[in-house]
Structure formats: C-alpha cells, structure tokens
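**Q** Residue numbers (the working numbering), protein chains in the order written: chain S, 1 to 327; chain G, 1 to 298.
Be careful, since some hints might not be right.
Okay, the calculated bits of chain G under chain S, using three or more residues with CB under 8 Å as the criterion [unchecked claim]:
no.	stretch
1	90 to 104
2	122 to 128
Far from chain S, by Cβ distances over 10 Å, these chain G residues were calculated [said to hold, decoys possible]:
no.	residue
3	Glu17
4	Asn25
5	Phe73
6	Arg82
7	Asn112
Derived from the structure by calculation, the hints contain no laboratory data.
Every residue, glycine too, gets a C-beta built ideally from N, C-alpha and C.
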Amino acid sequence: MTTSPPAGAEILDLIRRPDIERSDIDHSIAPTIRRELESAADEHLPLDHPVRINKETVRRALRCEAHLVAHLGRDVEPPTAAMIRGALVDRLFAQRMVGFPIGADPVSDALAAADASDDRRLRALWDDLEPSEQEELRSSVTDMAEKLSSRWPPLPPGAYPRLQNTARIELCDGQIILSGRVDLALGRPSAEKVGTTLIDVKAGTHRLDDRDDAGWYAILETLRSGAPPFQVGNYYVPSGELDLKPVTVEDLQRATRRVADAIARVVRIAAGGTPRRSPGPLCPWCPAYEACEEGQQHIRDRDEATGEWLGDLDEDEWDDEEGPSDD
Amino acid sequence: MTELQLRPIAWEEVLQEMPEQVSTNDLRRLRSDLVEQLRELTVGLLPGHEVQINRRNLRHALTCPASAAETPFEPNAVTTSRALGLMAVEAVSQGESLPSAIQSSVDWSLENAHWTASFLVEQDEPVRAATVAYATSWAARALTFVPWSTLQPVSFQQSTIWQSPLGYKKGVALVARPDAYLGRTTERVVLSLGWPDAKVAAFDALVIALQSNSAPRRYIIGYPPAGSVGAMDIDSTALDAAIADVVEAVGALVPEGRGEPLFTSPGRSCWNCDHRIGCADGVRWMELQPKRRGGLLV
Chain S
1 MTTSPPAGAE
11 ILDLIRRPDI
21 ERSDIDHSIA
31 PTIRRELESA
41 ADEHLPLDHP
51 VRINKETVRR
61 ALRCEAHLVA
71 HLGRDVEPPT
81 AAMIRGALVD
91 RLFAQRMVGF
101 PIGADPVSDA
111 LAAADASDDR
121 RLRALWDDLE
131 PSEQEELRSS
141 VTDMAEKLSS
151 RWPPLPPGAY
161 PRLQNTARIE
171 LCDGQIILSG
181 RVDLALGRPS
191 AEKVGTTLID
201 VKAGTHRLDD
211 RDDAGWYAIL
221 ETLRSGAPPF
231 QVGNYYVPSG
241 ELDLKPVTVE
251 DLQRATRRVA
261 DAIARVVRIA
271 AGGTPRRSPG
281 PLCPWCPAYE
291 ACEEGQQHIR
301 DRDEATGEWL
311 GDLDEDEWDD
321 EEGPSDD
Chain G
1 MTELQLRPIA
11 WEEVLQEMPE
21 QVSTNDLRRL
31 RSDLVEQLRE
41 LTVGLLPGHE
51 VQINRRNLRH
61 ALTCPASAAE
71 TPFEPNAVTT
81 SRALGLMAVE
91 AVSQGESLPS
101 AIQSSVDWSL
111 ENAHWTASFL
121 VEQDEPVRAA
131 TVAYATSWAA
141 RALTFVPWST
151 LQPVSFQQST
161 IWQSPLGYKK
171 GVALVARPDA
181 YLGRTTERVV
191 LSLGWPDAKV
201 AAFDALVIAL
211 QSNSAPRRYI
221 IGYPPAGSVG
231 AMDIDSTALD
241 AAIADVVEAV
251 GALVPEGRGE
261 PLFTSPGRSC
271 WNCDHRIGCA
281 DGVRWMELQP
291 KRRGGLLV
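Using the sequences and the hints given, assemble the complete structure.
**A** In structure tokens:
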C-alpha cells in the first residue's frame, strides 16, 4: 500500500507534533555528554594541533581508521552531480522556507541565490558540467522544486527558521572541535521544555547513515544550547517523506557512545597512533584499497564464501529438481 | 602586557555584580595617551588618507599587516543580513512577527537609502529570497539565543560607532560595531553577537568610551554556534590594553598611507586570509607546513 507524502498542514503537524507532550529539559544531560566525550580523548592529550571533527569524520573513523586517513590524504575530488543537485535543492529549500515562490527556472533561481550569497563555487561547478549532465540535473531539480512548492506550507510566524544552522563545539580546551551544519532548525526550547526541531534536507533517498547523522546533530545541539532538541530527522525531497523522531535520553546516550568512540579513534591517530584497519564490504571503494592487504584479503575471503554458498545453492536446486521426498 | 580574556558567564549573571565604571579622570588620561601616540605615528600620511581600524582588520593588523590591507567595503549577503536581522530583532521585541519584521527592514532600508540599500536595490526575486533567508536566519538565531526579555531595558545599536581621536578626517578612524546595550543606562552593558574575541571586546569598549565620554562597564559577546557567552569587565587595564592594540595596529597599517607596502608576517592566519593567493610569502609559508586536514596529518 502506498501513502501520499505529507503536505501543507500535515507537515506542520509533523514538526509540531501536538500529540506528543514536550519532555522536561534535564539540565544534567549536556554536562554529562561533554564529560563523556572529553574523557574519551583524555588518554592522548595534549595534542600539538587541534582536531576538527564533523559527521563525515565520525562515520569514516568508525568504519575503518585507515580509511579515514586515506580519505583525508587523497586529492579533493570534484563534487558529483548528486552533490551539485543537493546544493541547488538546498538553495530552493531556503527560498521556500521564507515564503518565496520558486520560479519557472529553479536552477537559475538557485544559482542566482548562490551568487548573491558569495558562493561562486556552485555556479562554477554547474558551468563545468557537460550539457547532457546539466539537462539531467535541470530536469530532476525542476521536479523537486515542484514537489517542494506543492508540499511545503508557509511556516508560522513563531517558527524562527534558522537555515544552515551551524554548531561549533570546543572540547578539552579547544583541542577538539566538533562542527556541523544542519539545513533547518525550527522552534526553541522554553525554560522548562524541549522545543527545537532539526531537519536535514536530502535530495536523494534514505541512507543507512542518515539516522546516525541525526544523532550527531542532536549531540551538537544539546551541547550548544544546553537543551536536547525535541525532534531530529530528515526531509527527503524526491519522496516527500519527513522522517522526524522525538529525541529520547536513550537516543542521546547511544549517539554519545558513538561519537565518543570516534573521538577516541581520531585523537589517538592525531597523537601519532597507527590507524587500525577494519576490513569490511566497502573496502573496494576505499582510496587505500590497492595498498591494503587486509582489505583485499577480506574481499577475497568474502568472494570465496559467496562462491561456496552459491555452489551449495546450485546443489540445493539440483536436489529440488528431484522433487519432494516421499518420506 | 595584560592578556585580554573573556570569562564565561551565564545570561542571568550578565546584569549582576556590576564592576565600577572607569572614572572620568582615567578616561581623560587614556584619551590623552592615545592621541599622543597616534599623532607621532601618523606623521607623513598622504593627504586625505585615513587609517581605519575595525573589528574585521584589528586582529589582521596585529598578526600580519598585509592581510589587513584596505579593501573597499561593499555590502554583501553577510553584512546586509546582519543589519536587516538586527532591525528585525528590535521590531520583534516590540511585538511584530519575524517575517513581517524582516519585510519591514527591507522596505525601510530601501526607502531611507540605508547602506544596505545598494545591495538590495534591483534584486530579482530569487536573490531577494536568498537575502531574506539569510536575514531571517540571523534574526532567528539572535532571538532564540539571547533571552532578551530578561535583559531589559534593551537599546539596539543599529549603526556603527565612529570615533576619530585626532579629529574628523585627521588620519585615524576607529569603528565599533556593538549590537545592543543592556540594562539601565547607568550600567551600560554592551552586547555583541559574533566570534568571541577579547581584543574586539576591549576595542569596541574603548571606541564607545571615547565617543560617549563614558566607558561601558561590561562587554558581552555571545556566539550562537557554540552557545557561548563571554564577558569582559571594562576597567582601566582593559582600556589600556585596547589602546596598545590600536597603536600597534595603526602603526602596522600606516605605511599604506605613506604609499609604502605593508609587511607580511606569515603564520596560521594565512590559511584563512583573503589575500593568500597573491601573497608570495604566505604561499611559501603554507607550502612548508605539514599538510593537514581536519587537524590530522595527511
């Protein structure tokens, strides 16, 4: 069964969630999270240079420390068409959030908005695309612009929309800097109750990491404001899904453990430790794969196991052809 | 030399336990010290040249004068959104809704030829939308971060404060940019939203003191991305340190006013310097540094 995506007042209801009572702010949570994150780094401090950690760093450090270092070391690759599409859609989303209609040529609108914001890079990237790539992007961005226009309602006056909301949290006297920028922050806590909703806008589909990223933003917001957010999640423009989840203490604890684990890894590497290798199914996409014996071995082992399993499957199928047993 | 520092403070303490105000006599002495030193420094300036010190170039002038080289000021998305946003914050505090307050700010700026008007005029709809989005976000951050209602009375400072210690167009202009004054007039607590830089706090306090003949008692800098609030109690020591910074900064930038090049002092600030592409010393310094990303060696 398919359900139509939320639109208009339904979107506002999902953000406000009048059916859920706002929880009381536990003012001990932020200091507790800070303590836990700082103690994760303790063993390897002081550093001779501060480290900056964002959601990508966390993701890569947890996947494989060698992958993180290899990724940092490679030349910066030009953004993909999907990334350019995401940047264009972000611009249109901002336009929509402050009540402006999106015009008939959304790509031009988005590029003009980027120019006016001194973001010359987006136009340069667009100009570098092949005409066929431009055509394809124009088509998908126009489709998403129409969806945004038809689904997103004007925000109420008390929404206080903060677009591209930045957080920059210093830990351990500035030796560790956590940073992030969520596409949209709405509402605010009262003196007693949580109230902020954080939304990241996606021009693509669900990814496994999206939920972890939401946890990362929840941690940053809690450390920044002293109050956990009310809800955190993602808005998927193509499907129209608004995937928001009220933040619980358990969510924050889980996210804190994850970030603490990443901090411990990054700080150990920054202090001169050898990056550990954690081979996995994504190894072939790692910039260090060609030189990584563990990664290659892992993939060989996996391929062999798959081959054996397929072999068993073939035999099963052969058996099946003999028909059901009379037993 | 005193190292200026901001101390963390809770919003509810901002108007509590106020320090003594710097006396009129002390202020007179400070002004006289500053004027004397600036007079010596500015001998030989080209006619009409004025060394301008503001929060943007102060730190640059003190670290690498070439990085503070004069660039013509043009309103852009960042400066305009802050100006419009601050107007909107004031309007919201008087009961207007945020969207309407932003629209009123834009309309007022255009009608009154405010300095932001040159950026706003002739904007088509998508560009205006981007400007409104930035300004709305600035105002929304300020409204959700600062507990304005507990800091009353609040007096918003919608324009920069200029002070020419040697006289109007006489070689040096100091420009402060506070956002608001908090509490009773006699207390004069200054609020600024931005990067927490103790030198900026002392500098702004000095300019305000010279301009109004009355030193603020405390300077507060709130930095929404970190959720941090820092305070500096303004005493003679802080103002003395600010004068030392101003004298050093003017001294570093004066060669430009004599038609001479500014010297370079490459260092960590090179990474974020607007002039880094054309700066041979800076490029050489950066090439010699170990390559890092996110602080990790690569």
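**Q** Can you give the numbers of the hints that this structure goes against, from lowest to highest?
**A** The structure breaks none of the hints.
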